[in-house]
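Trainee: Build the full structure now, drawing on both the sequences and the hints.
If you're matching them up, the sequences are chains A and B in order.
Residue numbers for the first sequence follow this note's numbering, beginning at 1 and rising by one.
Residue numbers for the second sequence follow this note's numbering, beginning at 1 and rising by one.
Misleading hints may appear alongside valid ones.
Unchecked claim - For lysine to any residue, the following SDA-like pairs were computed, each having C-alpha atoms within a straight-line distance of at most 25 Å: (1) K23/B x R239/A; (2) K23/B x R245/A; (3) K210/B x P215/A.
These are calculated hints, taken from the structure and not from any lab test.
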Amino acid sequence: MSGGATPGPVRLSTEDAVATIALDPPGARFDRATLDALERACGALAEDRDRVYAVVVAPAGADLGLGWGDDARGGAEGGGALDALAALPQPTVCAVRGRALSGGLELALACDLRVAERGAVLALPEVAEGRVPGGGGTQRLPRAVGVSQALRLLLTSEEIDAAEALRIGLVSEIAPPGGAVDAARAVARRIAARGPVAVRVAKEAVARGIELPLPQALRLEHDLTVLLQATADREEGVRAFLERRPPRFEGR
Amino acid sequence: MASGVAAERRGDTLWLRLDRPEKLNAINLELRDQLWEALTLARDDPTLRAVVVEGAGERAFSAGADISEFGTAPSLLAAREARLQRDLWGLLGALDLPLVAALHGIVFGAGLELALACDLRVAAADSLLALPEVGLGYIPSAGGTQLLPRRIPAGEAARMILTGDPVDAERAYQLGLVHAVVPASELDGVAAAWAARLAAADPLAVRLTKRAVLWGGDLPLAEGIALERRLAAAAASRRRA
Chain A
1 MSGGATPGPV RLSTEDAVAT IALDPPGARF DRATLDALER ACGALAEDRD
51 RVYAVVVAPA GADLGLGWGD DARGGAEGGG ALDALAALPQ PTVCAVRGRA
101 LSGGLELALA CDLRVAERGA VLALPEVAEG RVPGGGGTQR LPRAVGVSQA
151 LRLLLTSEEI DAAEALRIGL VSEIAPPGGA VDAARAVARR IAARGPVAVR
201 VAKEAVARGI ELPLPQALRL EHDLTVLLQA TADREEGVRA FLERRPPRFE
251 GR
Chain B
1 MASGVAAERR GDTLWLRLDR PEKLNAINLE LRDQLWEALT LARDDPTLRA
51 VVVEGAGERA FSAGADISEF GTAPSLLAAR EARLQRDLWG LLGALDLPLV
101 AALHGIVFGA GLELALACDL RVAAADSLLA LPEVGLGYIP SAGGTQLLPR
151 RIPAGEAARM ILTGDPVDAE RAYQLGLVHA VVPASELDGV AAAWAARLAA
201 ADPLAVRLTK RAVLWGGDLP LAEGIALERR LAAAAASRRR A
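Mentor: Structure, rendered in structure tokens:
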């Protein structure tokens, strides 16, 4: 799977080992058709883990997302799509451009990390509109930035800019205007250049470990470490380091 | 004695210096065992009030695990069992004594994981902190995948763990990964001042407060509050005695 983007509101393309999911929903609002297509794209990417090592989620238009389409509202807005995105075995990097409101920010929060360009605006405005975020925002935002900053953003519906998002750790990097997608791809390429098995296992260790009490979480990390000692990638990575040359990982 | 850990008691504080500067204080089995022994003694010494961990030489706190020793264990199971028997990282996590990490230069891999096992971190302005393991085909294995996401925002932890890219001292400070950034010339002085504050406080109060925070972090809030009440009552009854 490489090259040619698929038509429709969700365009999947792959260059080298980095896939890009470009989202182009009508009016920048995630409707049912977009969410279903996103879920299918995630299903395909999960199957393609031996060739796709990192995933960029990006807007095709000016805004990452303004919220949900009328046919996607009702209490479980992100539905299976955001769960499928969050559950991808490969790391996911979201490019935050323009406005990331409501479902737009919840989409970004379903990714592992985020980069924003100058001019981006991030908010969960549901409370000001008499609603409760239904795309995972009340759960993923506190886990991303801590309870204190999350309550501030959730209860006041405050819009923050890229600099404030960087300050509170909601995004990892600020790109120049128009540069979010390139910056996200650059991060994804760096991830894809590391040992792909180790990267997937590291993501698993973080995602599963954070749900465990620390002693059990440390044991999980330890057991996964021992498992990785049997991989060809680790042998190659260590040998390349000792020989002061770039590693050639094979993903096994 | 330039191949392991230099331990020196200054007043009520134990200073542990990673002392292999020619190897950027890389943590080999010998150094790990010396740390384990020094910390076991510290754990059992009721007169100690604080521990400071620092790195010798100009360039590094620690470059991480000593990779030249990788693959030397007779089998995976033997490596696992040896690690679980002399579990330095488990010992660190169970230590009531407050630990201060004084960081400078390269703070990579197991070096950063050692710092994460400490309670307070002060960094010289030249510090670079990273978990570069995935670039070598493995993962942080001394608590990094678990402690980093518990100490800094999840996205930043994911970025550091999944890219292996470093953060500098200023970004580390912004993220709360270190608690202060100081000129390299002031590093020892600031670490000593923090240790002195810890040593001046009531030792039981310091130890029980550390316990309350770290154990409570794994509990539902109501159970954490109950734990805090038990520990606070223990401290109060001792004071009346």
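Trainee: Tell me the hint numbers this structure goes against, listed in increasing order.
Mentor: Hint check: nothing fails, all pass.
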